[in-house]
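J.: Here's the letter readout for the chains.
There are 2 protein chains.
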Amino acid sequence: MITVTTVKEMQQITENLKQQGKKIGFVPTMGFLHEGHMSLVNKSVEQSDVTVMSIFVNPLQFGPGEDFDRYPRDIDRDKKLAEESGVDILFNPVVKELYPAEPSVTVKAVTRSDVLCGASRPGHFDGVVTVLSILFNIVSPDKSFFGQKDAQQAAIVDGLVKSLHFSTEIITVETVREEDGLAKSSRNVYLNDKERKEAPAIYQALKNSSNIYIKSGKERAVEMFKKHISSLNGELDYIEILTYPELQEPKDSDHRLIAAAAVRFERARLIDNIIFTTEEV
Amino acid sequence: MITVTTVKEMQQITENLKQQGKKIGFVPTMGFLHEGHMSLVNKSVEQSDVTVMSIFVNPLQFGPGEDFDRYPRDIDRDKKLAEESGVDILFNPVVKELYPAEPSVTVKAVTRSDVLCGASRPGHFDGVVTVLSILFNIVSPDKSFFGQKDAQQAAIVDGLVKSLHFSTEIITVETVREEDGLAKSSRNVYLNDKERKEAPAIYQALKNSSNIYIKSGKERAVEMFKKHISSLNGELDYIEILTYPELQEPKDSDHRLIAAAAVRFERARLIDNIIFTTEEV
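Protein chains in written order, with the working numbering: chain B, 2 to 282; chain X, 2 to 282.
Keep in mind that the hints are not guaranteed to be accurate.
If chains are identical, the list can't say which one is meant, so a pair holds when it fits in one copy or spans any two.
[As the list claims (entries may be wrong)] Heads up, simulated DSBU-like pairs for lysine-lysine below, C-alpha to C-alpha not over 30 Å straight-line: (1) K227 / K109; (2) K109 / K9; (3) K81 / K208; (4) K24 / K219; (5) K144 / K9; (6) K80 / K163; (7) K97 / K252; (8) K44 / K144; (9) K9 / K44; (10) K97 / K81; (11) K81 / K144.
It is worth saying that the hints were derived from the structure and are not from the lab.
Please read these numbers as outputs of a predicted model, since none were measured by experiment.
Using the sequences and the accompanying hints, generate a full structural model.
T.: Here is the structure:
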């Protein structure tokens with residue numbers, strides 16, 4: 002594995018790979034890697050000639066008072082994990098490389114962004130689509146791999162690529178979970194023991210609620226989710242059931258849906274979701 | 002010259018050219034070609050292996066009540082001129098090809114866009130940077146050629162490429178003028194005889210004002226411009242003197258400036274500009 006830190010070197014490598022006809026798989030991350038990221042790398046290695054991973058904690062997608070400064074970082078451990086999992090090129094630029102000056106042009110998620118996590122994080126997804134546009138331009142991936150855990154992000158990235166005609170294909174990979182069902186996340190390290198024991202209830206409650214939705218509709222499903230979560234120390238940020246990937250209020254004719262929730266614990270805000278269908282396909 | 006109308010075919014051609022190591026020059030236009038466009042093609046032919054021209058009247062950069070529907074179009078004449086001037090590939094998609102649905106993600110010019118033409122055309126430059134991002138993604142040009150006549154556009158495109166790290170180099174080409182000094186423009190066909198005789202005064206007044214600026218400062222330069230233009234039937238939209246390419250109010254320490262103006266005639270709004278320095282370099 003080679004580590005690249007400058008835009009210029011990364012672009013030269015990309016251009017050479019293209020000229021050789023190599024297919025580039027891309028796994029963009031903010032580092033502090035866990036098995037969720039590794040599952041993205043596995044898919045990329047299966048489907049590509051060369052796998053590029055980026056590690057870049059993107060200041061543009063953190064709001065004021067959010068956890069940019071204390072977002073967990075461990076680049077030495079990350080490098081080891083990336084190499085072991087089959088990454089060929091690690092792109093790890095400093096902030097000034099991607100943003101040498103205040104951007105005079107940015108990218109804006111105009112739909113799918115004002116619900117779920119977007120409702121409480123204004124501008125977050127604008128930061129996500131801006132940095133992904135930059136990374137797509139530098140890495141020129143044939144395929145890019147995203148986790149289903151960040152379902153809203155996956156839906157918005159789908160819109161980014163279709164709207165701006167990036168030539169990368171978006172592959173969404175199933176959420177990797179702990180044995181007790183908790184979705185893997187870099188932020189899980191901030192849970193204390195009690196919270197860690199409570200956290201799998203989010204996934205359980207989502208599963209129950211999607212079943213209740215099918216039988217009894219949205220109001221009852223949301224109510225049961227809230228009841229299930231109310232016994233935890235964590236505080237419910239949102240529970241929503243929407244169409245996927247459009248993230249609209251479901252009508253009777255909509256059958257592909259997402260149940261998504263966010264719960265705030267003392268030092269970590271956890272998200273999870275289930276995508277389900279309301280009839281046999 | 003071949004004509005391409007679909008995104009898919011254009012992307013395949015681009016990918017093949019890249020694999021062959023060919024350098025792509027790109028001239029994006031809205032058609033109704035004139036010598037200004039031809040001068041961009043000439044530069045591209047000089048500096049590239051393959052020249053791609055796009056002709057696409059972009060609805061996103063026209064505001065409500067602007068001239069999208071009656072923007073002049075003559076594709077047969079354009080094809081002839083493009084081929085004669087050395088274009089290898091003409092990309093001429095319909096609106097539904099670039100915008101198959103309402104875009105869920107767009108690009109936004111956050112600086113340099115609220116002065117000059119941007120002041121009276123809110124959202125115009127957002128439409129410009131969105132369609133250019135799409136075209137850059139489809140054409141993957143090594144160099145892209147823009148006219149200095151659209152100086153604010155050139156400044157914003159410079160910001161687009163630097164902010165989002167597009168790998169294309171922006172080449173700005175000097176304004177082509179009629180013998181009497183009027184800048185070539187697709188909209189000149191809408192001038193009546195009297196207006197056509199008056200229109201070169203815009204360039205004359207810009208030249209005078211830049212000289213007056215150097216001797217006597219901005220206030221006097223703007224005043225003289227207004228006086229010069231007041232005798233015309235055309236109505237002054239704006240006259241501004243700003244730094245270039247940042248488009249900020251000039252301070253004593255700023256020496257690279259632009260004097261830019263827009264004048265509304267009955268059926269055409271004309272723009273022109275001069276870039277000048279306030280001291281010997």
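J.: Work down the list of hints and note, for each, if the structure agrees.
T.: Hint by hint, here is what the structure shows:
1. K227 / K109: neither (32 Å within a copy, 39 Å between copies)
2. K109 / K9: Classified as both; 25 Å inside a copy, 25 Å across copies.
3. K81 / K208: neither (35 Å within a copy, 63 Å between copies)
4. K24 / K219: Neither. Shortest intra-copy (43 Å) and inter-copy (56 Å) distances fail the 30 Å Cα cut-off.
5. K144 / K9: both (21 Å within a copy, 16 Å between copies)
6. K80 / K163: Answer is between: at 29 Å across copies they meet the 30 Å cutoff, but 32 Å inside does not.
7. K97 / K252: between (46 Å within a copy, 27 Å between copies)
8. K44 / K144: Result: close within a single copy only, 10 Å intra versus 35 Å inter.
9. K9 / K44: both (27 Å within a copy, 25 Å between copies)
10. K97 / K81: Result: close within a single copy only, 25 Å intra versus 47 Å inter.
11. K81 / K144: This pair counts as within: shortest intra-copy Cα distance 23 Å, inter-copy 39 Å.
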